[in-house]
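Visitor: Place chain B on chain A using the hints.
Number of protein chains: 2
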Amino acid sequence: MAWTIFTDGASSTTATLLPFRLSSLYRKNGVHVCLHRFLSKPLRVGVAMPTAPARLTVSLTHTSTSLSPVVASAMTTEASAKVIDGKLVAKQIRDEIAAEVSRMKESAGIVPGLAVILVGDRKDSATYVRNKKKACESVGINSFEVHLPEESTEQEVLKSILGFNDDPSVHGILVQLPLPSHMNEENILNAVSIEKDVDGFHPLNTGRLAMRGREPLFVPCTPKGCIELLHRYGIDIKGKRAVVIGRSNIVGMPVALLLQNEDATVSIIHSRTKNPEDITRQADIIISAVGQPNMVRGKWIKPGAVVIDVGINPVEDAAHPRGYRLVGDVCYEEACKVASAVTPVPGGVGPMTIAMLLANTLSAAKRAYNLA
Amino acid sequence: MAWTIFTDGASSTTATLLPFRLSSLYRKNGVHVCLHRFLSKPLRVGVAMPTAPARLTVSLTHTSTSLSPVVASAMTTEASAKVIDGKLVAKQIRDEIAAEVSRMKESAGIVPGLAVILVGDRKDSATYVRNKKKACESVGINSFEVHLPEESTEQEVLKSILGFNDDPSVHGILVQLPLPSHMNEENILNAVSIEKDVDGFHPLNTGRLAMRGREPLFVPCTPKGCIELLHRYGIDIKGKRAVVIGRSNIVGMPVALLLQNEDATVSIIHSRTKNPEDITRQADIIISAVGQPNMVRGKWIKPGAVVIDVGINPVEDAAHPRGYRLVGDVCYEEACKVASAVTPVPGGVGPMTIAMLLANTLSAAKRAYNLA
Numbered sequence: 468m469a470w471t472i473f474t475d476g477a478s479s480t481t482a483t484l485l486p487f488r489l490s491s492l493y494r495k496n497g498v499h500v501c502l503h504r505f506l507s508k509p510l511r512v513g514v515a516m517p518t519a520p521a522r523l524t525v526s527l528t529h530t531s532t533s534l535s536p537v538v539a540s541a542m543t544t545e546a547s548a549k550v551i552d553g554k555l556v557a558k559q560i561r562d563e564i565a566a567e568v569s570r571m572k573e574s575a576g577i578v579p580g581l582a583v584i585l586v587g588d589r590k591d592s593a594t595y596v597r598n599k600k601k602a603c604e605s606v607g608i609n610s611f612e613v614h615l616p617e618e619s620t621e622q623e624v625l626k627s628i629l630g631f632n633d634d635p636s637v638h639g640i641l642v643q644l645p646l647p648s649h650m651n652e653e654n655i656l657n658a659v660s661i662e663k664d665v666d667g668f669h670p671l672n673t674g675r676l677a678m679r680g681r682e683p684l685f686v687p688c689t690p691k692g693c694i695e696l697l698h699r700y701g702i703d704i705k706g707k708r709a710v711v712i713g714r715s716n717i718v719g720m721p722v723a724l725l726l727q728n729e730d731a732t733v734s735i736i737h738s739r740t741k742n743p744e745d746i747t748r749q750a751d752i753i754i755s756a757v758g759q760p761n762m763v764r765g766k767w768i769k770p771g772a773v774v775i776d777v778g779i780n781p782v783e784d785a786a787h788p789r790g791y792r793l794v795g796d797v798c799y800e801e802a803c804k805v806a807s808a809v810t811p812v813p814g815g816v817g818p819m820t821i822a823m824l825l826a827n828t829l830s831a832a833k834r835a836y837n838l839a
Numbered sequence: 468m469a470w471t472i473f474t475d476g477a478s479s480t481t482a483t484l485l486p487f488r489l490s491s492l493y494r495k496n497g498v499h500v501c502l503h504r505f506l507s508k509p510l511r512v513g514v515a516m517p518t519a520p521a522r523l524t525v526s527l528t529h530t531s532t533s534l535s536p537v538v539a540s541a542m543t544t545e546a547s548a549k550v551i552d553g554k555l556v557a558k559q560i561r562d563e564i565a566a567e568v569s570r571m572k573e574s575a576g577i578v579p580g581l582a583v584i585l586v587g588d589r590k591d592s593a594t595y596v597r598n599k600k601k602a603c604e605s606v607g608i609n610s611f612e613v614h615l616p617e618e619s620t621e622q623e624v625l626k627s628i629l630g631f632n633d634d635p636s637v638h639g640i641l642v643q644l645p646l647p648s649h650m651n652e653e654n655i656l657n658a659v660s661i662e663k664d665v666d667g668f669h670p671l672n673t674g675r676l677a678m679r680g681r682e683p684l685f686v687p688c689t690p691k692g693c694i695e696l697l698h699r700y701g702i703d704i705k706g707k708r709a710v711v712i713g714r715s716n717i718v719g720m721p722v723a724l725l726l727q728n729e730d731a732t733v734s735i736i737h738s739r740t741k742n743p744e745d746i747t748r749q750a751d752i753i754i755s756a757v758g759q760p761n762m763v764r765g766k767w768i769k770p771g772a773v774v775i776d777v778g779i780n781p782v783e784d785a786a787h788p789r790g791y792r793l794v795g796d797v798c799y800e801e802a803c804k805v806a807s808a809v810t811p812v813p814g815g816v817g818p819m820t821i822a823m824l825l826a827n828t829l830s831a832a833k834r835a836y837n838l839a
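Quick mapping for you: the protein sequence lines, in order, are chains A and B.
Converting from the first sequence to the numbering used here requires adding 467 to each position, the first position being numbered 1.
Converting from the second sequence to the numbering used here requires adding 467 to each position, the first position being numbered 1.
Check the hints yourself; a few may be wrong.
Heads up, the list lumps identical chains together, so a pair's fine if it works in one copy or across two of them.
[To be verified] Each computed EDC-like pair below joins lysine to aspartate or glutamate, with the alpha-carbon atoms no more than 16 Å apart: (1) Lys-741 to Glu-729; (2) Lys-833 to Asp-703; (3) Lys-741 to Asp-730.
The hints are simulated quantities; they were obtained by calculation from the structure and are not laboratory data.
So that you can see chain A by itself, here it is in the shape it has in the complex:
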């Protein structure tokens, strides 16, 4: 039996420990994947607050009588990594944004506005859009939504974008991806005004991110969230070896550029890399955004490295009410034994993405009114 730690999804300072048994190992795309089955109810554990760069001391409080003291003791020895609590940091950031939005409203009568365009009936997309809308409301940002049917034309989507481009009450525009397959994603994303591109996906923003001495108007939300976590946990980036696993336009590529802008020495690993394990083991900072459950094993990680896990992968779990649970790209329980700090999934990078979207929307509104 071994142990894994997850944050509990609530905006609190607690995390959830779940005992599990390695139930199966299978091979997918040449990669060994481990699946686990949960055995008992959660045990609540105190988690260190961010901003303290020192190592976390995990203090245990029994809430489940099914666990023996021996097991709990073994856990403290094995899981030595600091938990980077994205849920907690995201909550802090949202509180900061709420305070600033409130000040802007009182002093200048300005309310930042985010417009979201959803096309089609994908349930997951509808959930993401609903969560973004709720998050806006929670910090006082106005949200606007256009929901177009699956069979809409590209022109209809473009018309909505151009309308929001011209609307002074809208400061950020987000097109929920993926779009229906008959649409050209590039054409649609390029139509978003560069000043309102809060997702940071416009190639002009990417170009500015890549070029030294240039500043993008917006940095994509998930990569920005990864770096923000490192900053808020006091983790040095300058001069460090960093490995980014995955080279997507949305996460891998921009997060590699951000790390390099912070003077890390960056290597990018992808599906054509021949020895990903050897290269990853050289890194002081690992950021994985590849979408392969539990691909990064403990032996891939240099002792003391910091691991940021962007992957959110559903894996079967009969014990879970939904029949599945979410795991990262990193074999969490193995990482906890080797790394000095690691993000859980869920509750790590995930909550940061929406927090950064709100931060980008606030920045867009401030820029529109030339506020500091």
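Guide: Coordinates of chain B only, in the frame set by chain A:
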């Protein structure tokens, strides 16, 4: 005594071997730099034609009576790397361009045009502009030049750019850098129409280069030249470890993106990298663009690696008519003993830059007229 190979600067299939003595070693920015003094006149050596991926067999022909057969024999043993002859490849490319320009003129009456804007009186800049003009003439491309005085305003430069943007006989626009210090380089480069940005420095082109599934209209000339050399010498990039030394907007960053687009696993080394030697030694392909004479020593190079040296650094040389000579970032004679292939300086990447500028101008003209 040891030996080094340089191409002789002429469009021929010969290269020049110069015997040298290690005359001094000094430390600059924490890096050991070796300076050499040439001892005798050149010895001419046959160089392999590109496109043959097999290793080069160097055949020696004495033209200097000052060299003993023993020395010549030692040279064949020590300098085992294939010489990647940029001069020769650039000549081939220019011939290909000349043929295509001629066909375009005959079949459609179209002549590609390149406009160059030079500001100020820097002698080196004037030389570069003159060379570009000559290169255009040699392949049948029209060249246009505006030479503005040092004290010009940014507005005057912008006016010239906007004029060329609107001129249908101009398909490529190049602003010679560096600009006088009172000008904002970013503003000026951004004013060049994206369709005429043959230098590929517009952030929109950089963004498209960085993003998977997007195509830049133009790739910056020197990085494009590096990759073209690898292609024409049949050197595999896919799946290889590549190290790029330097992260400039003009070379390091775009060449890293190009290597990644070709499925190399890329690491970027820069001034904040703590162990550049160890990382470089892991590479199958090394591209150095850092501007430090002889920084990359033989022990930095994995046996059999391919070395592309973008650096062109003047070093004192009393024996040279100009009092200096040009060397690369790579200690060439050491690299020759370890690498499987290496570019000389001069005669390696240098001639490729102008060839790629001509290629980009031709592409721009074809695109303007929707030609295949």
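Visitor: Looking back at the hints listed earlier, which ones does the structure fail to meet?
Guide: Number 2 only.
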